[in-house]
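K.L.:
With the hints as a guide, bring both chains together as one complex.
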Amino acid sequence: MLFFSYFKELVGKEVTVELKNDLAIRGTLHSVDQYLNIKLENTRVVDQDKYPHMLSVRNCFIRGSVVRYVLLPQDGVDIDILHDATRREARGG
Amino acid sequence: MAPGLQRFTDIAGDGGPRLDAASGEELLRMDRAASVALGRRAPEPPGTLFVTTRRVIWLSETEKGQGYAVDFLAITLHAVSRDLEAYPSPCIYTQIDAEDGSDEEAGGSDFEANGDLQLAKVSEMRIILSDPGQLDALFDVFCHCAELNPDPNAVRNEENGWSGGENLAEGGWIHGDEDMIDGNDLEAHMFFTNLIGQNGVRDLGRSVRELQIDDQRFEDAEEEDEIQENGH
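Taken in sequence, the protein lines are chains A and B.
With the working numbering, the residue at position 32 of the first sequence is 33, and numbering never jumps.
With the working numbering, the residue at position 49 of the second sequence is 30, and numbering never jumps.
Excised from the complex, chain B in its bound form (with noise of 0.2 Å):
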């Protein structure tokens, strides 16, 4: 898992932050007079906003050198937020993978006990840009570098509602297409299921069962093995 929100102090002699060149990191935006307020605290005095290809990295204005960084790998969700009602100023809202015991209650401030910010556990973030006109573009850029940066070792999770000894249902997707590298995995924890809920994950994967068992082709063992032989 990538860190979450992170210090970031590494500023480079033109008082913009160091970039990780050797990793190929690009600058791709930057945002002056932009705030950001993490979890449920007040907005930071404006400083400025970097997206790089890796990140997203916000230097205080009033406080030199300090600032935060997060990876893209580490924001789940991102989002434009209007509504002055439920947050007094446009802003991107983002979440972000944090420790846990963060903020799952409505809470949400836990991060700061004994009056520490402990940033890894922050899972909230809103930038408020000085131009809230910029934010769809602002909004554009997070999606962009999201996809720059897919999960590098999403783990086959065994939750897997379709697992169970079903063949046909783990080779299928697991050593299939060899341009979903990243993909995969997420395929392989995702259900269909339809507005019935459980009752349509189960059905389905009754369905599928009785797929293999009534579907003649799937009866030969060594058409299997020649699938995970093709797979690879």
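Same shape as in the complex, but just chain A (with noise of 0.2 Å):
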């Protein structure tokens, strides 16, 4: 579960989401489930110019099994609690 809660602590941030399709979609992390669906809201396609029709989407769903990278903000990386968790999280516990 440590991704699903770490996700929802990324709620309200601006992440990218790159797709295996090579679709990248940045936008605002409106929520995420267990499943790492996502929900992006004021969206906007990095690569416009490859994607021009993707423009006119403001919010998107995007399903969890077709993303390929995360993008966090960088202050929405706390070095020293992913390391906790991910310990915590090795012991199963």
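Hints are not guaranteed to be accurate.
Computed list of lysine to aspartate or glutamate pairs in DMTMM-like fashion (alpha-carbon distance at most 20 Å, straight line) [said to hold, decoys possible]:
1) A/Lys21 with B/Asp52
2) A/Lys51 with A/Asp23
3) A/Lys21 with B/Asp81
4) A/Lys51 with B/Glu66
5) A/Lys9 with A/Glu42
6) A/Lys9 with A/Asp76
7) B/Lys45 with B/Asp132
8) A/Lys51 with B/Asp64
9) A/Lys14 with A/Asp79
10) A/Lys40 with B/Asp121
11) A/Lys9 with A/Asp81
12) A/Lys21 with B/Glu80
13) A/Lys14 with A/Asp34
14) A/Lys9 with A/Asp34
15) A/Lys21 with A/Asp50
16) B/Lys45 with B/Asp81
17) A/Lys40 with A/Asp23
18) B/Lys45 with B/Glu25
19) A/Lys40 with A/Glu10
20) A/Lys9 with A/Asp79
21) A/Lys21 with B/Asp132
22) A/Lys40 with A/Glu15
23) A/Lys40 with B/Asp117
24) A/Lys9 with B/Glu128
25) A/Lys40 with B/Asp132
26) A/Lys40 with B/Glu128
27) A/Lys51 with A/Glu19
28) A/Lys21 with A/Asp48
29) A/Lys40 with A/Glu19
30) A/Lys51 with B/Asp81
31) A/Lys14 with A/Glu42
32) A/Lys40 with B/Asp64
33) A/Lys9 with A/Glu19
Over the 12 Å line for every Cβ pair with chain A, so calculated as not near, a few chain B residues [as the list claims (entries may be wrong)]:
34) Gln(-13)
35) Ile(-8)
36) Ala3
37) Glu25
Hints are computed from structural coordinates only; laboratory data are not their basis.
All residues carry an ideal CB built from backbone N, CA and C; glycine is no exception.
P.N.:
Put into structure tokens, the structure is as follows:
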């Protein structure tokens, strides 16, 4: 549940979601569920020249299974807390 | 992988689609006078849209008994599109998990090769409702249905940037929570990174490795075995 819990903390922050089809969408993280499905608001496509038709989209739902990366805001990563969380997770607790 | 867009001709006596009641499929929403546009093609003449707990079905009015269906498993992205400069009608925009060779290029009309419509290669579909005010409600239904249809057999992705023998990283999420049944594998191949991009991934990966080396709690092989047993 580590990622789910972690992503929940990022709600309201600006993230970039890169899909396995190379489409990268930047937007405000609206919500995330246990399958890591992601809802973004105020989206914009990073590579607008390649995907001009996606310009029209302002909010979108992305299936968790097609997400390749989630790029986080730099201040959204607290390495110490992340280390603790990964250790707890690895210990089964 | 779920099949992409498919032709649908299984019409019940009432003129609607015959659903798979045995698997619990239920109709959640119906929109009359709805059009679909496949890829860059012009919208089809209006028909009826059916949203079920498992898939989206559209039936033509002009060509009775003809239609299309796509499982929510294959709908990888959906969104409300309202910018009339980008598309002339407000619509629900969807991306479909299509066969390779679809529209990776900007052109995106390969699925019409030889004049035949190769539905399995359609990677984009727009749904245009007669009442654009209903688009948000339809969007919400799509979200709900996507959550009803998690991937049944998400396979571990060996491209995982954190692989390479770090049992700490691997053991943790794969064998961890029982209630993450379908999410486990997704977690396995999502990486933390930050706006620095690649460097961020590498730095974090190195930090995780250092953690293992430096932290005595993880040097005990017996404990690793114990973790795995507990996880199952």
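K.L.:
List in ascending order the numbers of the hints, as given earlier, that are violated by the structure.
P.N.:
7 and 16
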